[in-house]
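Put together the whole structure using the sequences plus the hints.
Number of protein chains: 2
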Amino acid sequence: MEAMEPVLACSHLSRPAYRVGIDLGGTNIAAGVVDENCRIAAKYSVPTKAERPYEEIVEDMAKAVRQALQDAGISLEQCCSAGIGSPGICDSETGTVLYSNNLGWKDVPLAATLQKRIDLPCRISNDANCAALGEVAAGAAKGCKNAVLLTLGTGVGGGVVLDGKIFSGCHSAGAELGHTVLVKDGELCTCGRRGCLEAYASASALVRQTKRAAAEHPESLIWKLCGGDLERISGRTSFEAERQADETGRQVVDTYLSYLCEGVLDFVNIFRPECVILGGGICNEGARLLDPINAYVRHYCFGGEIVAAPAVIKAALGNDAGIIGAALL
Amino acid sequence: MEAMEPVLACSHLSRPAYRVGIDLGGTNIAAGVVDENCRIAAKYSVPTKAERPYEEIVEDMAKAVRQALQDAGISLEQCCSAGIGSPGICDSETGTVLYSNNLGWKDVPLAATLQKRIDLPCRISNDANCAALGEVAAGAAKGCKNAVLLTLGTGVGGGVVLDGKIFSGCHSAGAELGHTVLVKDGELCTCGRRGCLEAYASASALVRQTKRAAAEHPESLIWKLCGGDLERISGRTSFEAERQADETGRQVVDTYLSYLCEGVLDFVNIFRPECVILGGGICNEGARLLDPINAYVRHYCFGGEIVAAPAVIKAALGNDAGIIGAALL
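Residue numbers (the numbering used here), protein chains in the order written: chain L, 1236 to 1564; chain H, 1236 to 1564.
Don't read these hints as lab results, they were simulated from the structure.
From a predicted model like this one, the values you see are computed outputs, not experimental measurements.
From the three backbone atoms N, C-alpha and C, an ideal C-beta is built for every residue, glycine too.
There could be a bad hint or two in this list.
Partial list, computed: chain H residues near chain L (C-beta under 8 Å) [claimed, not checked]:
(1) Leu1333
(2) Ala1408
(3) Ala1410
(4) Leu1412
(5) Val1416
(6) Leu1417
Put into structure tokens, the structure is as follows:
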């Protein structure tokens, strides 16, 4: 992995200065060409069709890269490296996806397979790690060298950047921030333990919490907002109900935030980063989400009266963070 | 900080090869001379008398260093550096103890003050960090480059070594592993939050748990073991009661271990180290402590079926870990 600089060159000014970044998702492959200033010159998406053999998926990754290069008017020779952000446990040392539930992969030599097709040195990392690196290089945490990213989606993804580099532990199997216990003997988590942060602070958890509250409160506006069908509840529903002065909505939001506050503060006390970045659709709730968390962290941060607590901020790059971070691997 | 090597030389073979390590505690100052093989050639202790001005304490630190050197038959000129492990928040960059509750210190320029007295480059770090580094260099985790240490004492201290170096976050205010929530809205912690690991898994917490159980179970052997005086209960009492087939003792131990298991596993999922080292007197319980934790970590570790879970082991160096780690700063 290379050290991060605000303006990133590939070793020499005379050498090619673009990098290729690929965000490999369960649904789509997004390939981008990233310039020295961490800007995406062009990007191109194709469906992943994850059920196929991995060689076919990699073939389409290579095609998406060539299309993005063509759209940007840049040749492969102008690029110095490629990176892939993949779901699952990705061993950065060997370039192997050790396991991905989303893709149904085990021990896939992803970096080597792509390298054969596009003739660039390829590196891989977990998608949440890449998103964290992208936000540090060019997004919400630009200028920071130490940051923690939590993505609030189906699960709680974690990405940790220390001294400008991705930290992910032995065989890149760490930084599983969503799988830390917040409520001992609490709700069952997908990982088999009980009470993990993911089971309380993911977007899916918020949906569950909203459904339960609506079931207990037939008078709540939540019912109207979801058209009487609890299956239509989303991560936005409780926030919207609260905006329309619904008491149940307010309680759901407050309770959800109380979990998220504790989770964020735990990672502040562990990593003491320069900032904590929150990603995922829920972050569009803006101040209603961020203000209570920042207040909580400032108040309870260990040694916060001695060393100022870090800011908790919203991710800025959306899906582009993964492309940019992958390019910088 | 220097990169760790199994055999540690100060840059050149022709240059002095000993290092000075000082473990500064609330009660005692322990100074040691550490050789290239991370062995303590001699050590010397003096009382801290923490209520004094810090300059006097540093003066005694310098005297203890000179005495240890004399006992080892080594001159100051044969040493290349000195390090101090101090309680509190120690900014390694500036050599300043930003805050220490134990010592009643705020913004004490510890490294610079000692450097004036012993004319060696001085570095500082938190005492738990130094202990972790010492265990990695010469103790239970020798050969590892990534390890997490938890010391189970009055509180739960945390030390993290990543890639052979201490990790402690911005201004060294991180790695506060004891101050992460395990039981949301649980028992009040010394840090002001509720439900921290420290409030459930420290030796003090075990004593509290043992007292409560004894109060609820007048038939328990715990009463006999503490001579009818609950204030005489220690971290050993419940383990001893269990050894003598006391059901209440067994329950206390099982419950305590259930908290410790979750805490250890959280740091496994976050840092995915090569090992987790447990320190503090409770670790003398050996297999009764370590076996259930290792079984739990192996079973529930995230991705444990893909990347083998790290071992949870007992610290090996006792108080010497702090001296050795400080010497290696």
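Identify every previously stated hint that the structure contradicts and give their numbers, smallest first.
Those not satisfied: there are none.
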